[in-house]
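Peer 1: So for the sequence shown, the working numbering puts the first residue at 1; every next one is plus one.
Source of the hints: derived by calculation from the structure; they are not laboratory data.
Even glycine gets a Cβ: it sits at the ideal position worked out from N, Cα and C.
Treat each hint with caution, since some may be false.
Said to hold, decoys possible - When the alpha-carbon atoms are kept at most 30 Å apart in a straight line, the in silico DSBU-like pairs for lysine-lysine are as follows: (1) Lys48 to Lys67; (2) Lys141 to Lys34; (3) Lys48 to Lys141.
To be verified - Simulated restraints on C-beta separations: (4) Lys34 to Glu66: 15 to 21 Å; (5) Glu66 to Gly33: 16 to 22 Å; (6) Gly185 to Lys34: 35 to 41 Å; (7) Glu153 to His50: 36 to 42 Å; (8) Lys67 to Asp212: 21 to 27 Å; (9) Gly33 to Leu93: 24 to 30 Å; (10) Lys67 to Gly33: 15 to 21 Å; (11) Arg97 to Arg146: 36 to 42 Å; (12) Asp221 to Leu93: 31 to 37 Å.
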Amino acid sequence: MSQTLNTTRWTLILQAADPGAPGSKQALEQLCGKYWQPLYAYVRCSGKNHEDAQDITQSYFEHLIEKNLPARVSPENGRFRAYLLATLRNFMLAWHRDSTTQKRGGPNTIHLSIDDDPTLADSLISPETIYDRRWAQTIVKNALDRLAAQQAELGQSERFALFRPAMLDPESLADVQRELITRHGMTEGSIRTALSRLRAQFRQIVREDVADLVEDPIEIDDEIAHLLNALN
Numbered sequence: 001m002s003q004t005l006n007t008t009r010w011t012l013i014l015q016a017a018d019p020g021a022p023g024s025k026q027a028l029e030q031l032c033g034k035y036w037q038p039l040y041a042y043v044r045c046s047g048k049n050h051e052d053a054q055d056i057t058q059s060y061f062e063h064l065i066e067k068n069l070p071a072r073v074s075p076e077n078g079r080f081r082a083y084l085l086a087t088l089r090n091f092m093l094a095w096h097r098d099s100t101t102q103k104r105g106g107p108n109t110i111h112l113s114i115d116d117d118p119t120l121a122d123s124l125i126s127p128e129t130i131y132d133r134r135w136a137q138t139i140v141k142n143a144l145d146r147l148a149a150q151q152a153e154l155g156q157s158e159r160f161a162l163f164r165p166a167m168l169d170p171e172s173l174a175d176v177q178r179e180l181i182t183r184h185g186m187t188e189g190s191i192r193t194a195l196s197r198l199r200a201q202f203r204q205i206v207r208e209d210v211a212d213l214v215e216d217p218i219e220i221d222d223e224i225a226h227l228l229n230a231l232n
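Let the sequences and hints guide you as you build the complete structure.
Peer 2: Printed below as a string of structure tokens:
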């Protein structure tokens, strides 16, 4: 692996692992904020009620911080998606043995607002499949949010908000076109061109996000294919 890749990937994780580093707490909050949903979905789908699933997820992130688990992560550990799931499984076993040992509200607490999805409890799909699906959905949402921020810097927030439904849903294109023609005076041709460019930017952002969470660049395409399959 090249030196450039070594110094650019896993930045958030390694920054979060060093409590003395500038921005460490912010990095931890960003880390937890990004990935709580797939982890909560796994716990909920494993048969826990909302309150227990929320408590386990919250306590897991506190455990992640208190035990400084990110410090044990390196690119050689493989894909971060798999690493988080493996450490969550181990944590759940400990939680089952003695849930009273998992203290909430410590000095490193990351407060999460976790909304319940009752369908998870009745799902016939395996917790692992749900986890991968929610992980893929998280990657997609994060990429769209990043693209929205980029468009905002260009003064195109309103226009991108109209484009956004059509980014992943071709069936919404007709409605999107009407709004863009009415509000921004665009032609169908210019709409198709702009949408094509936005989708290309979106794919690049997804690729960058996935690259940050795999061991080697050769794994990027396989990870993207895995996540696409999880969305189906």
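Peer 1: Next pair to validate is Lys48 with Lys141; report whether the Cα-Cα distance is within 30 Å.
Peer 2: Roughly 26 Å separates the two Cα atoms, so the pair holds.
Peer 1: Measuring from beta carbon to beta carbon, are Glu153 and His50 in 36 to 42 Å?
Peer 2: holds, 38 Å
Peer 1: Using the C-beta atoms of Gly185 and Lys34, is the stated range 35 to 41 Å upheld?
Peer 2: Because 37 Å falls inside the window, the suggested range holds.
Peer 1: Asp221 and Leu93, beta-carbon distance inside 31 to 37 Å?
Peer 2: holds, 34 Å
Peer 1: Go ahead and decide if the range 21 to 27 Å is satisfied by the Cβ distance of Lys67 to Asp212.
Peer 2: Holds - the Cβ-Cβ distance for Lys67 and Asp212, about 22 Å, lies within 21 to 27 Å.
Peer 1: A range of 15 to 21 Å was offered for this pair. Does it hold for the Cβ distance of Lys67 and Gly33?
Peer 2: holds, 20 Å
Peer 1: Lying within 16 to 22 Å: is that true of the beta-carbon distance Glu66 to Gly33?
Peer 2: Distance hint for Glu66, Gly33 holds at roughly 18 Å.
Peer 1: Given a hinted range of 36 to 42 Å, is it respected by the beta-carbon distance of Arg97 and Arg146?
Peer 2: Because 40 Å falls inside the window, the suggested range holds.
Peer 1: How does the Cβ-Cβ distance of Lys34 and Glu66 compare with 15 to 21 Å: does it lie in that range?
Peer 2: Check passed, 19 Å falls within 15 to 21 Å.
Peer 1: For the pair Gly33 and Leu93, does the Cβ-Cβ distance stay inside 24 to 30 Å?
Peer 2: holds, 25 Å
Peer 1: Given the hint that Lys48 pairs with Lys67, test it: the Cα-Cα distance must not exceed 30 Å.
Peer 2: Judged against 30 Å, a Cα distance of about 24 Å means the pair holds.
Peer 1: Does Lys141 pair with Lys34 here, judged by a C-alpha cut-off of 30 Å?
Peer 2: holds, 10 Å
Of the hints listed earlier, there is not a single one the structure fails to meet.
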